[in-house]
Each structure stands twice: as structure tokens, then as C-alpha cells.
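Undergrad: Add chain B to chain A, keeping to what the hints say.
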Amino acid sequence: MTLPQLRRTSDDVEGQLQELIRLRNAVIGSRTKKAEFVVEGKVPHLVELLATPIANPTALQVRSLSATILGSLANSSSSPTLLCILTAEAPQALTTALADVASLNALQDGERLKAIESLVRALRSIYVAIASEIAPSPRLGLGPGRAAAGKSASMLRAKISREPAGWYTASADVKMASGSSSDLRTSFKKHSDDTSSSSNLVLLGRSAIDHILSPEVLPFLLGPLFLAPIPRHERVHETLREAKAAANSRPTTPAYAAVVMNSSSRGQDMETASVASSSRMDMDAQMGDGSMALRKQALTIVEMVAGIFSACLGLPGPGILASKAGKSGSSSASFASPAQEIATRRRHLIDFNASGSPFQAIEVNLQDTEAEPIATPSFLSILLAAAESGYPKAQESALWLLCELVRDNADTSVQLFRHQTPSGLLPTSMLLALRNDPSVAVRLAAFSCMANLIKVHPFTAKTSERVLAVLVDLLDESSQGGGEVQVAAAFAIAKVVEDDPRMQAVACTQGPFGYHCVEKLGGLLDQATKTLTEGNGSSTSKAKLTVPSMATSARNQEMAHRLREAVLTALAALSFTRDEIRRQIVDGTTPSLLPIVVSCLSSSSLGTRVAACRLVRALSRSIGVLRTSLVDAGVAEKLVEMIKDETLGEDGEDDELRTQATASICNLVLSFAPMRQTLLDNGGLDRLVSLAKTCTHGPTKLNALWAMKNVLYASELEVKRTVMSKLGFDTLEALARGPSSSTSNERGRDEALPSSLSPSNENSLALQENSLNIIRNLTSSRAGDIAFTLSGFGGATRFFELIEHVIWQRQSDLVTEQAAYVLVNVATGDVSHRRALLRRNNCLDAIVYFAGHPRAEVKVAGLWCVMNLTQGVSAAQQQQAAASSAAAMQTEGAGQEAADVDDSTPFDVEREAVGRLRRYGFDGVLRSLLTSPDADVKDRARALSGRFETKTVATGASSISNERQRSSSGTGTAQAAPPAAA
Amino acid sequence: MAARKPLVLGVAEWEKKLNEVHVNKDDLNRLVMDYLVIEGYKDAAARFSLETGLRPQVDLASIEDRMTIRAAIERGDVEEAIGRVNELDPEILDNSPLLFFHLQQQRLIELIRANRIGEALHFAAEELAPRGEEYPELLPELERTMALLAFDLPSSSSTASTAALPAPPHVASLLSPSQKLKTAGELNAAILASQSQGSDPKLPQMLRMMAWGEDLLRT
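Here the protein sequences line up with chains A and B, keeping their order.
Residue 266 in full-length UniProt numbering sits at position 266 of the first sequence; the count goes up by one each step and never skips.
Residue 212 in full-length UniProt numbering sits at position 212 of the second sequence; the count goes up by one each step and never skips.
Same shape as in the complex, but just chain A:
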């Protein structure tokens, strides 16, 4: 069977139609035929047919058929096919055709609906394909990752050996159509470049999203939502009625009509059901093309449109990418940030109502059980009506769009609460009532939506628990969708328990009334892992016999990968705060989960690796688990391997992996010393340093610095030397100077990033904060450490200049606090260090500034600084000081600062400190702090006040306070707390 040739001329209209029908029937369902068609370069012709002159009698049919074929081509398409469709500008042609239909008012209702349906169906197909191509799915996670799709043949995208799947297929054009596909393969291989094609696809995809959400195009997409009132299937009547009875907690009559009456009397725009009772018996209305058929067709259109927007609502347009590629006119480029762009889109969608529709609504006879529709239905009211329509596919689609609309968005949820569903329920009551829906897909969508809602809006704990209960039940639904339900349910559970320690505990309750999340998720992880090992290991018939439903097709494998990702993500969210849950995961399951988790760290699927990293990080927050189980399981080595993986690209997905891996390393190096050695021995440190130096991805760079900060925390001087020999003091200085003075080279690099990735100002401040924290850890806690640091920065003068520069930038309180602690640490040094500090007027100014700072933490740091500076020097300290300063002099090689050291007796240093600080007005500030509302500040100030009351420091009396202060000065020099970054 060969594919019919497409005729471009429309002389023989009937023949052209027949060809299109044959073509449609040939490609639907057959990947090979689709690929063949694409390779022959026929996609542009098809797109041209979408613009068949409307005067042509068969124009609408030709357009519909072409749209249907395009939609089928896009349906789970390979990347090259999608690229081909986008290059031919199919989305633009489809929306133009949609606008044409809007302008034709003379059409029959049925014809018009059919035309609209095929166009929006094709659009949905294309946009769903774009979304899955360019971004991780909000429902199904990150998946195998873009890079992996090209690398491993087992993934879904490289499906069949005879399906031409290379990028060359996309560049085939009509000239080549005569050649066989194998010729094409060779001829195009050298011309096409994988990465440029792939980035081109991302760009075109984002532009297409931009197109469909632009204010000019949007009405043609949203208008069809208002073509006809949404029907409601009788199967939901009971459910909704019960929910309403519960909500009103007043007796209701069993008849559904009574419910409608109730709701219409509630001041809604509804009028009492006007029943054309004669229509009951009107056989013609039922037998003929009854209005019900039209309304159901209109509902299908709602399903398609909702599908389009739920796929691409959250995906930013090309933004900076487009301007970089020299394409102007993209509206997304005008937004300050992707978040703003998406917020604007949300507003456009939600503000839309029937009056904005360019389509003429169809006249329908309402059924006897229905109220009159609201006069001017809004976008949200249509979605709510579809969500409770009782037609599962439309319900599902509308619910997923609602789910995306309220995701991380409190404003939309408030807007939603202002509505009432057509059955007279509050939106949340309706969603909760859907827990009884027979369709698994509807339950899943409704409760994923609830999961998003309870995160942005305060609900009672009881509501959260009801949501959790349904989602946990969905984990047991194995029958449908080959695991898709469990994947989405696990992600939704992760969402529900995220940042909510109470719900985390509830989810992991055991016993007869518990939710058993850890066991259930663990079971799924085990099951998915078995599927994968059986699939990969040997596809023997034996394996197939035992698990017939889990055969080795690429689809099942992909789902198993996604299931592992989802489960690991959920477990990570569950164990983020509670130690007992970490214990439960590590010790309380059979089979033991940890080995599986560790094996997931080296999974072929990117998403699984990222999620495994997340879980390891969550588990590593418990020192007990970390020291024993995690280390025994060999996590450290795997993580180091992961960040050393040079095959990772520079795109967003791989960055996510590195971010998570470095975050896990942060925890591991902090409280587990052997991990430091692993890191140092395996070249992991070099990788961290290079990430900190050159990584363009803000969060990864930050984590790399953070990890280094933790490596340095309470480390030996030897470790400090090693780290700094790799990182370099100049790099550290540049980072510590902060964003305003970073080199132009680095800034240029940042700007080359897509807008969504470019480090925000916040991130660069975080980098600065961490760099200062590194300096703080370097200067802790012996004089030798301080001497090493000072000389590293090129001497005390340059060092203090840097710190002063940072302090007087007054960029952020957090940065100031770290800078203050650097001074605190230097003030613990020997006499020479203290004196060097005391002679910096700017530093003394800074100390007084700290003490008067509005932020309590900075005040405390300032007070610690003074505490250390005015501390009496013991004989032992002096000796130590002399020794280390001698060492410092040697390493510095220049005696300038050292010369200062010897010009007065060491005992004078504390007196000198008191005197100089007083001259800078410190005692006044100190007095005001004695009544500070902050207990910590007040106590420190009191402890210090004695030293400034008497003129001379009572060295005799200081021995007791000395002791106390030294022990507490341990906390004063305390360094970085364990990372708590999200």
C-alpha cells in the first residue's frame, strides 16, 4: 500500500476529497505511514490545504480533513515530525482557518461544529506534542530527559527500526520526495545537526505557544467554549445532589429538578427551569440531529480547547531565545519574567467571557432537567460546568485546566471561589464530590486540582486529609493507563505533603487506619524496578508469562521510569522534615528501599536520577541516617560520579540534575567527614570548583559554592589549603564582591541565558552571601586559619578592603551578617590580627553600624565582634599568636602588617579596642541595646557593658568571664548552619 499523492490543484474536488480520506485512513494508527508521509515532504502541502479558498464548495471538508491528518501526525509524534509540522507553520494556519469559520455565519450548526472540532482537535494534538517535547510534564514529571531520548534506543521516541526517526526527516522537502528514504538518510545526515534542530524545535514550539496565547488569536480559541450550554449526564446527578445536600445540610427532595430550583433561588443568574414539556415526546427532536448531539459536539470542542491550554499555559514563550535568534515580534519578549508572562495569560483566560466570542452561539432546546444558562457565562463557569458534566473526557480535560490555572496561584483560586457550579455547588464541594466518580481519570484530575488548591489557599486539616485519602487510594488503581494514574497520583501526593510536616506525618501513619504512604510508594518503587530489570535483562518468554501485562514495550518501560521518578519525588517530599519518616523509609520496609534508591541514582532516565537525588538529600538531613545507612549504601560515590558526568549538557534539565546532586553533596560533606575525603580523592572537588566558577545555571553554581562552604566548615587547615588552591582567592574575591562588580565577562554569560534561567538578583546575592560564608569558614577558628586567609587575599589591607567594600554596599542583610561574622572570626585571632582590624577606621565604623543594625542577627554579630576584640589575651594565646604570626609572615613574604604587631605590648590590645570603639560611639549604641526586646541582643549587650563602664579592663577579674566567654565564643564563631535551601 502506498500513500496517495496529494494534489495541489483543486480541479477535481471530489477526487481531492477521496485522496484526503484515503490518506487519513492510512496514517491514523500507523507510525510508519506517518513517518513516510513526513519524509516525503508533504506536510507543507497539507498546511496549504488548510487555506483552501472558502468559496470552494468542499473547502470546509478539505480543511477539516487536512487538520485531522495533521493532528494525527502530531499525535505522540517523533521530534523531527513535530519540527516539520511547526516549520510548516501548521498552528498558525489552523488558527487562521478557525477565524474563517468564525466569520461564516451562514453555516449549518452541525457543519460549523464539525469544522471547529477538527481544527481544535488538530491544535490540541500539536500543542500536547509541543508541551511534552519542550518541558517536563506537570503531571508525569521530567521523564527520560531530552538528551536521553536521543541516546538510548529503548525510550519511547526511537520506536521502530523501520521508522525514519533522524532529524533529516524534518528537513526533507519536495525535491527529495523521489528518493527512497534510505537515500535521504545518508544525504541529509551530514547536513543536519542534532543540537541545532533540537533547539530550533524548542524555539518554534515556544513561538507556537506564544502565538496561540496572543490576544489576537485567543478569542478564536476561547470563543468555541461558548457555542452551546454544557450538557450534564444523568449519571452525575445523584453525586452532585448528595454533595449539595451535605453542603446545605438541609433536607432536599429526591428529584433533581428540585435541586435546580434551589440553586436558581439562590440569586444566581439562573432562572427557573423552563421546561418545554412537549419536547419530551417530540420524537423528531430526538431522532433527528437533536440539539443534544450538537451540545455533545460542543462539549467535545470544550474538551479540546481545555486540553490545548492545560498543555501550554505554564510554558513561557520564546522570550529572550527569540530575540537571540533574531526573531522579533514575539510578545513574550516584552515580559519582565516568565512568571509575569504566565500571570498575564491566566488573566486573559479568566477575564474572557461569552461576549468576547467571535462565534455565533447555536440555538438549543434545553432539556427538562436543566436551568437556563447564565446570561454571559465566563471562562471559569464553562470549565466548572464541563467539570461536572458527567462526560468523563470533557470532565477530565476541564479539571486538568483548572488544575493548571490554580497551580501556585492564590489569585486564581480566589476567582474560582467566587463562582458557583451550574448545579449550585461551590467549586470545592463539586471537586470533593467527584471522589465518588466512577472514572479513575476524573477522580485523579479532580484531586490533583484539589492538591494544588490546598497549597495556595487555607483549607482545614480535614479537607487536606480528604484529598490525601483519595490520592492514596488512586495509588492502588493499577488497571488503567499502564501506571499513568499512579504516576500522577504520586506527584499530587508529593504536592499535598510538601512543606507541611503535619500532612507528612498523617500520610505515613501506619496501623489499621493509617494511610501507609511509605509502604505503598515503596511497593510501587519495587514493582517498577522489577518491570525495568525484567525488560532490560532478558526479554525471555518466561518473564512475559509471569507478568503478561508488563511486557517489554517501550511504553511500559517509560511508564516504569516515570513511576520511579514520581515515587521518589513523593518519598522525598514526605521525608523532608521528619526524622521518623526517614527512619521508616530506610529501615521500615521490605524489601529494603535504600538499595533501589541508590540504583536509581544511576538510572538511564534523567527524571529518576533527579528525584533520587532529591530523596537522598531529604534522607541526608537526618544525621543518623546519613552516617550509617546512606554511607553504607554507597551514596557518596554515586553523587560524585553524577556531578562529574561530563556528558551532561548545559540545558535546563541537566542543570536540574546537577542542582539536586550538589544539594545532596552539601548535606553529605557537612556532617560526614569521610565524604569530604571521597570528594577530595575522586576529583569531585575539582568538579565543584569548576561548577562554582563557570556554571551558568544560578542554582547549581550556588549549591556548588554551598557544598564548598560545608567542606570548609570546621575543617583542618590542610583541607582549606587544598580547596583554596583549586578555587583560587581571586575567584572567591570576585564572587564576594557581588553582582555590582562582577566581571563583564561573567555578566555577558548570564545574559546569554534564556530569561527563565538567568540568575535573578536574589540569586547573585545568595552567591555573595555564600562566598562570604566561605571566607567566614576559612577564618575559623585558629589564628593559623586567619593568617592563611589574610595572606591568601594578598594581605590584611586588601582583605579588609574587600570586607569593608561588601559591608558598605549594604546590598542585603544576609550578606552583611556573613561579613560581620568574618570580622568576628578575625577578632578571635592573635594580637596582630586584632590590631590590624582595630586600625581599620572603616571596620570600626562597620562594627558600630552592626550594633545599631535593625536586624537582630547582625546586632549580635557586632556585639560578638566587640566581645572578641576586647577579650583579654592569655599567655598561652600570646605564645600561639607569636608562633602563628611568624608563620603568617613567612607565607606572606611581606612584613608590612607584621611590623605593626610588635609596636606595643600585646596586653594593650584589648584596652586599645575599648578606647577606639568608644571614640566611634560604640558605648552609646551599647547602652541603647541594654533594653533591646531581643533577648539574645540584650544578654550580649549586658555581658559587654562591664567592659565599657570601667576605664580599664580588669584583667584580674576576666579569668572567670574569660572562661565563660571563650566557651560561648565558640558559638560566636559558629559557622555555616547546615544548608536549608529548598
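Each hint should be verified, as a subset may be incorrect.
Derived Cβ-Cβ restraints for the label pairs, each shown as a range [to be verified]:
1. B/Tyr41 - A/Leu426: 38 to 44 Å
2. A/Ala55 - B/Glu51: 44 to 50 Å
3. A/Ala55 - B/Asn24: 33 to 39 Å
4. B/Asn24 - A/Glu363: 30 to 36 Å
5. A/Asp351 - B/Glu143: 39 to 45 Å
6. B/Pro204 - A/Glu14: 41 to 47 Å
7. A/Arg583 - B/Asp215: 46 to 52 Å
EDC-like, lysine to aspartate or glutamate: derived pairs with alpha carbons at most 20 Å apart [unchecked claim]:
8. A/Lys114 - B/Asp89
9. B/Lys202 - A/Glu238
10. A/Lys114 - B/Glu64
11. A/Lys530 - B/Glu137
12. B/Lys180 - B/Glu80
13. A/Lys114 - B/Glu91
14. B/Lys25 - A/Glu234
Derived contacts from chain A toward chain B, CB cut-off under 10 Å, selection only [as the list claims (entries may be wrong)]:
15. Asn25
16. Ile28
17. Asn75
18. Gln395
19. Arg435
20. Ser439
21. Val440
In short, the hints are calculated from the structure, not lab data.
Quick caveat: nothing in here was measured; it's all calculated off a predicted structure.
Ideal Cβ positions, reconstructed from N, Cα and C, are used throughout, including at glycine.
TA: Structure of chain B alone, referenced to chain A:
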């Protein structure tokens, strides 16, 4: 509760009790309508609707579509059926690869039945082999179908016994009408699902459930 003596009912008593159960007439009508619609009795559904004043939840034209498709498969015209399904909803066959495979398999069976061997081989290589590659779990089924080529087909003109090498039953069964019915049923269910309809009528389900319950009680 636990202390109570189990209630034993004789068969007659049970029947009597059953008869006493009042079933809402409206509910019963709905069940019947559900059955008629799903099983595709369009005229009966229309008549029933007229008599009971019950509106079917689907437009009756869609029943007709399904029945035309079912009939096409039953007379062996798979191509026609595929065309009509695509007309109805172009995503059904794209989204259910298993169903699509079964339709293609049916087409292969029809080609073999018609003794168009060359075409059958070409079709198998062109269309079915790629499906098998994509979904390895389908391969055994494809092999079984191809096995038809190895045996003599029972032809209507000669009696089965004259065939030199008759196919073993599990292969020959592919040629039976029940195979067509199976394929047609699967397609019907997929269309119903695409129209947000239940794919199994409720009435037989309930009867089965009741029979099962009675069985349980009897033991």
C-alpha cells in the same frame, strides 16, 4: 450480630422475597434504555423512548454509526470500518494501538480468507510487522495469524475433511465468526468510551452479579 443465628431461606422463600423487592419503574426503564443503546438496538431504543418518555443520553444517530461499523466488520470489510471510525473520532485508533492492531489483524485474516496471499504477505510486512516491533507483546498474536498461511483453509465448496492439512484449532479459530465478533465488540467498546459512554450495558452486569451472589448463598 455475631450471636445471631444465620438466617436460612428456602429457594421458594427466596424467590418470594425477590418478587417483593420493589424496583423503581423509572430505574428499570433506564437500565433497559442503557442496554438498548449500548448494544445498538436503535429502532427499539427509539420506540422505547417514545413509550416511556425517557430520553436516551445519546443521540440515536450515534447508535446507527456504531452499528454500521459493526456490520462492516462482520461482513469482512475492515477498511470500511476503519474509515468510519476515523470519521467519527480520528483519535480512537491513534490512541489505542492494541485495538488498531486487532483491526489490522482482522484485515489480514480477511485477506487470507479470500486467498489473496500476495496481498496478505505484503500487508503483514508493511503494516503488522511494525506494530509488532513497537509492541513486542503483540508478536505471538501476529505469529498465530501468520500461521494461517501454513495450512489449508477450509473452503466452503469442499468439506473440511478434504483439506490436506487442516489448521490446529487455536489457529483455525481465527477464521471463525466469533473472531469477527470479538474485534467488532472491541471496536464498539472503544467508540463508546470515546463518547464518554459506559462500554458494558449495566443490565447483564447486574444479572451476572446476582447469579454470582445466589451461587454464593447456595453453598
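Undergrad: Indicate, hint by hint, whether the structure satisfies it.
TA: Right, here's what the structure says about each hint:
1. B/Tyr41 - A/Leu426: 38 to 44 Å: holds (41 Å)
2. A/Ala55 - B/Glu51: 44 to 50 Å: holds (48 Å)
3. A/Ala55 - B/Asn24: 33 to 39 Å: violated (57 Å)
4. B/Asn24 - A/Glu363: 30 to 36 Å: Since the Cβ atoms of B/Asn24 and A/Glu363 sit about 34 Å apart, the hinted range of 30 to 36 Å holds.
5. A/Asp351 - B/Glu143: 39 to 45 Å: violated (59 Å)
6. B/Pro204 - A/Glu14: 41 to 47 Å: holds (45 Å)
7. A/Arg583 - B/Asp215: 46 to 52 Å: holds (48 Å)
8. A/Lys114 - B/Asp89: Status holds; Cα separation ~11 Å.
9. B/Lys202 - A/Glu238: holds (17 Å)
10. A/Lys114 - B/Glu64: holds (18 Å)
11. A/Lys530 - B/Glu137: holds (17 Å)
12. B/Lys180 - B/Glu80: holds (14 Å)
13. A/Lys114 - B/Glu91: The given pair, whose Cα atoms are some 15 Å apart, holds under the 20 Å limit.
14. B/Lys25 - A/Glu234: Holds, because 16 Å separates the two Cα atoms, which is no more than 20 Å.
15. Asn25: OK, holds: A/Asn25 within 10 Å of chain B, min 5 Å.
16. Ile28: holds (5 Å)
17. Asn75: For A/Asn75, the interface hint holds, since the closest Cβ of chain B sits about 5 Å away, which is under 10 Å.
18. Gln395: holds (8 Å)
19. Arg435: With a closest approach of 19 Å, the A/Arg435 hint is violated.
20. Ser439: holds (9 Å)
21. Val440: At about 13 Å, which exceeds the 10 Å cut-off, the nearest Cβ of chain B leaves the hint on A/Val440 violated.
Hints 3, 5, 19, 21, counting from the list given before, are not met by this structure.
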